[in-house]
Structures are given as C-alpha cells and as structure tokens.
Amino acid sequence: MEVGIKDQRITNSILEAEGIYFSYDNGYDVFENINIEAGQGKFIAIIGPSGIGKSTLLRILGGFLKPDRGTVRLLGKPLYEPIPEVALIHQSIVTFPWMNAKENVMLSMKTKDMSKNEMVEKAKESLSRVGLDGFEDLYPKEMSGGMRQRVAIARAFAADPYVFLMDEPFAHLDELTAEGLRQDIYNILFSGETPLKSVIMVSHNLTEVLELADEIYILNNIPATVVGKVEVTMARPRNPRSDEFNANLDMLYSYLTPPRKKK
Amino acid sequence: MDVIDPDARIADLLGLLYVLNNIFEGKTDLYQLEKEMEVDLDDLMPIVYTAANLGLVNAESGDISMAEKGIEYIKSGMNQRKQIIRESLKNIEPFKTALAMRSFNLEDIIDKLKENNVPTFNNPDGNHDLEVILIEWGIYSRLLKKTDEGFEVIS
Numbered sequence: 003m004e005v006g007i008k009d010q011r012i013t014n015s016i017l018e019a020e021g022i023y024f025s026y027d028n029g030y031d032v033f034e035n036i037n038i039e040a041g042q043g044k045f046i047a048i049i050g051p052s053g054i055g056k057s058t059l060l061r062i063l064g065g066f067l068k069p070d071r072g073t074v075r076l077l078g079k080p081l082y083e084p085i086p087e088v089a090l091i092h093q094s095i096v097t098f099p100w101m102n103a104k105e106n107v108m109l110s111m112k113t114k115d116m117s118k119n120e121m122v123e124k125a126k127e128s129l130s131r132v133g134l135d136g137f138e139d140l141y142p143k144e145m146s147g148g149m150r151q152r153v154a155i156a157r158a159f160a161a162d163p164y165v166f167l168m169d170e171p172f173a174h175l176d177e178l179t180a181e182g183l184r185q186d187i188y189n190i191l192f193s194g195e196t197p198l199k200s201v202i203m204v205s206h207n208l209t210e211v212l213e214l215a216d217e218i219y220i221l222n223n224i225p226a227t228v229v230g231k232v233e234v235t236m237a238r239p240r241n242p243r244s245d246e247f248n249a250n251l252d253m254l255y256s257y258l259t260p261p262r263k264k265k
Numbered sequence: 016m017d018v019i020d021p022d023a024r025i026a027d028l029l030g031l032l033y034v035l036n037n038i039f040e041g042k043t044d045l046y047q048l049e050k051e052m053e054v055d056l057d058d059l060m061p062i063v064y065t066a067a068n069l070g071l072v073n074a075e076s077g078d079i080s081m082a083e084k085g086i087e088y089i090k091s092g093m094n095q096r097k098q099i100i101r102e103s104l105k106n107i108e109p110f111k112t113a114l115a116m117r118s119f120n121l122e123d124i125i126d127k128l129k130e131n132n133v134p135t136f137n138n139p140d141g142n143h144d145l146e147v148i149l150i151e152w153g154i155y156s157r158l159l160k161k162t163d164e165g166f167e168v169i170s
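Those protein sequence lines, which keep their order, are chains A and B. With my numbering, the residue at position 158 of the first sequence is 160, and numbering never jumps. With my numbering, the residue at position 119 of the second sequence is 134, and numbering never jumps.
It is worth saying that the hints were derived from the structure and are not from the lab. Just to be clear, a hint being listed does not mean it is correct.
To be verified - Dumping the calculated DSBU-like pairs for lysine-lysine here, alpha-carbon to alpha-carbon at most 35 Å: (1) Lys105/B x Lys42/B; (2) Lys44/A x Lys50/B; (3) Lys111/B x Lys97/B; (4) Lys112/A x Lys44/A; (5) Lys68/A x Lys129/B; (6) Lys50/B x Lys105/B; (7) Lys84/B x Lys160/B; (8) Lys231/A x Lys79/A; (9) Lys231/A x Lys50/B; (10) Lys84/B x Lys42/B; (11) Lys129/B x Lys231/A; (12) Lys50/B x Lys143/A; (13) Lys68/A x Lys127/B; (14) Lys129/B x Lys111/B; (15) Lys42/B x Lys231/A; (16) Lys79/A x Lys114/A; (17) Lys126/A x Lys79/A.
Take the sequences, apply the hints, and build the full model.
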C-alpha cells in the first residue's frame, strides 16, 4: 500500500493521531478526541488506568482498528491498514515454537523481495542487534522469556520499521530480566543503524515509562481523553531512586488523581 | 461519577488501608505507596479510586490519606467493617441503581445502568465485571443476596 514513505514532507511528525473517536459495537464510547504525535527520534509513552483502552489505542495507531472519526498519519500520509513500516510488539511474547530464532526473525521478511541468503544475513544482523549473537539456532523452548522477547523485537527490526508500537513489552518478564532489557532497549532502538524514527509504548509500569520516555501522554476518564502530556527532561541514564525521578512519578500520579469536585 | 472499579477487589482494599495506616501513618504520595506495595498502575489505581469513592481515603493531586471513615474501618471488627462498606456502597454505582431496583437479574441492571448513563460496565467484558462486583462487594457486605433469578436487596 502506498503511504508515501519516500515522499516525506518536511515535518518532525513521524506518526500522528488527530481527533480520534472510537466506540465499541454496543455503543460504549472508548475514545473522545485523542490527539497524539510521535516526533522524530522520540520515545513516546501512553499511560492510564486499567481498562482505559491503551492497547486499543495502539491498535488504532497501527492501522489494525479503524477509528470512528479522526485520522492516523505516518509521515503525513493517512494510514488505513497495517503496514510493515509500523511494527507492533505485543505484551504476550509471540515466537513460533517450531522455528528457531533465525527462522522466527525471517518471518517478517517473507513479503520482501529478498533471496534466502539475504534473509538469513538480515536475521543474523537483527538478532545481533538485540544481543542474541550466537543464539540464532536456538528454539523458543531453549530460551528464557527475555531472550524470546528479544527475538520478537529482532523480528520487528528485520522489517525495517519506521515506528515501533510496543504494548507492555516487558509485562511478562521477571523484574530482573525486564530491567536488563529496558537498559538495552533505548540504545538499541535509537542506535541510528536502522530506519526506526519513533517508538510508542503503552505501559502500566510508571517506573518503566519514566526510564524510557521522552514524552508521556496520560489518558483518563470515560470516554478516554488525553488529560495531560509531560515532557521528560531528565538526563539518561535515569536513576529510579533519585529525587528527580520520584518528583516525576509524583507528577504523573497527580494527573491520575485530579482534585475531586465538592458535592 | 462514583463507581466501584471493575478491577477493585475487597482484599486489596484491606491491604491498601493497612499499608496506608500502619506504614505511612495515614498519609503519603501515591508513588511511595506503589513502591511499598510493589504493584503497578493497573493494580493500584482501581482500589485507590474505589476506596476514594467509598469515602475511605482521600486521593487528590498524587497524594493519598486516610479519611475518618477509613480509620474507623481499620479499627472495627468484621461485622462493623461490613456495615461500613454496606452503607458506603449505597451512594455509588452500580449499587445505587441496584438499590432502586430492589430485585433484578444481570440483564435488567445492565439496561438500567445504561439508562442512568453509567458507562463503566458497557464494554465487552461488562456483564462479567458487573456480576463479579455485585457478588464480591454486594454479597460480602450483606447489601445483596443471590436468588434464582438474580439478585435482591436485603432490606
């Protein structure tokens, strides 16, 4: 599908959602006028209370769901359906047990005009990028949860996406593994060695969000609206035990607990 | 709108009040509570919103503190705790609607909540969420009892 990737207009906006409204079939209004913009080189996080529709929003941003109103644009051109330039990484780790790491990664290249040798080389390169050099022939059952999530990320990388959409990517990992992967991931994503331009992650872990994000959108209310947007200016690497980090956490919680109206 | 959050569990309420009262002496920042309880947003906020709606805590601008009713709850025995919850539920949904209906099945109250513009349970998991809330909070507190047809308010 033509989305005008090669016809970039001069803009800082990589993926943007403008005026998004969405309802379930039974009439339940999920989103009301959601506006989100992921700029060049930005790691965007979306947070909000349980059940607010964070994962649904990510699916709309990826073209997997059509909003009732509003537009999603990639590099200025409307996005109507899923395309390889926008990769979605799910919270449940998706690897195919009958394929080794290399074959799992090669899946994302099946639609490309590449020879088998080229695909193998690209898969090895992607696996190396996520720290799995030498593990190309292992099967998922021989890997830890963290390694399997790295394979899933490598597979997304191999499609040369412009945007990563990450749906609670560390949710099913133990804290130690998640911390290790988080420490690597920002550098991997923005190493400059790939076409990747922007990342949007939804998460219910505010510490994780503050470690990674440049900008945080806060959703609240029914139907959900953006109740706040925070730019995180802390220097990297960020220390979750610092006073500055805690002050930012406090600010995020203040958006989620607005002053109650007097009755 | 004051409502019991579909993900709020009674056991979590007790945990929240104990930690807030005993570890933080009744008042703290929500992020401190999150760290102490080793939970994340999806675990913490449903019970914080619910406790606030029940009038047991005050949660505003990132801070949380025990309300008078919350302190009374902590100091009370089992029966008194149930009574506090029972009285508090009467002012918030879906129990406000349940009280007006007296006797109802799940479909009836879903329709009535829609009529009353309560959107919380109007989603694909809404029926299940509502049934869990009615049983866990309503029957626990002895505000409701289960009947063959559905639920009935205990007078």
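Status of each hint after checking the structure:
A distance of roughly 26 Å separates the Cα atoms of Lys105/B and Lys42/B; the hinted pair therefore holds under the 35 Å criterion. With a C-alpha separation of about 27 Å, the suggested pairing of Lys44/A with Lys50/B holds against the 35 Å cut-off. Using a Cα cut-off of 35 Å, the hinted pair Lys111/B and Lys97/B holds, with the two alpha carbons roughly 17 Å apart. The suggested pairing of Lys112/A with Lys44/A holds, with an alpha-carbon distance near 29 Å, which does not exceed 35 Å.
Among the hinted pairs, Lys68/A with Lys129/B is consistent with the structure: their alpha-carbon atoms are about 25 Å apart, no more than 35 Å. Proposed proximity of Lys50/B and Lys105/B is supported: the alpha carbons are some 32 Å apart, at most 35 Å. Distance restraint check for Lys84/B and Lys160/B: the Cα-Cα separation of roughly 25 Å lies within the 35 Å cut-off, and the hinted pair is therefore satisfied. Taking the CA atoms of Lys231/A and Lys79/A, the gap is about 24 Å. The hint holds against a cut of 35 Å.
Proposed proximity of Lys231/A and Lys50/B is supported: the alpha carbons are some 23 Å apart, at most 35 Å. For the proposed pair Lys84/B and Lys42/B, the alpha carbon gap of about 14 Å is at most 35 Å, so the pair holds. For the hint linking Lys129/B to Lys231/A, the alpha-carbon distance of about 31 Å falls within 35 Å, and the restraint holds. With a C-alpha separation of about 33 Å, the suggested pairing of Lys50/B with Lys143/A holds against the 35 Å cut-off.
Of the supplied pair hints, the one linking Lys68/A and Lys127/B holds, its CA atoms being roughly 30 Å apart against a limit of 35 Å. A threshold of 35 Å between alpha carbons decides the hint, and for Lys129/B with Lys111/B the separation of about 13 Å falls inside it, so the pair holds. With a CA separation close to 27 Å, the supplied pair Lys42/B and Lys231/A stays within the 35 Å bound. Using a Cα cut-off of 35 Å, the hinted pair Lys79/A and Lys114/A holds, with the two alpha carbons roughly 22 Å apart.
At roughly 32 Å between alpha-carbon atoms, Lys126/A and Lys79/A fall within 35 Å of each other, so this suggested pair holds.
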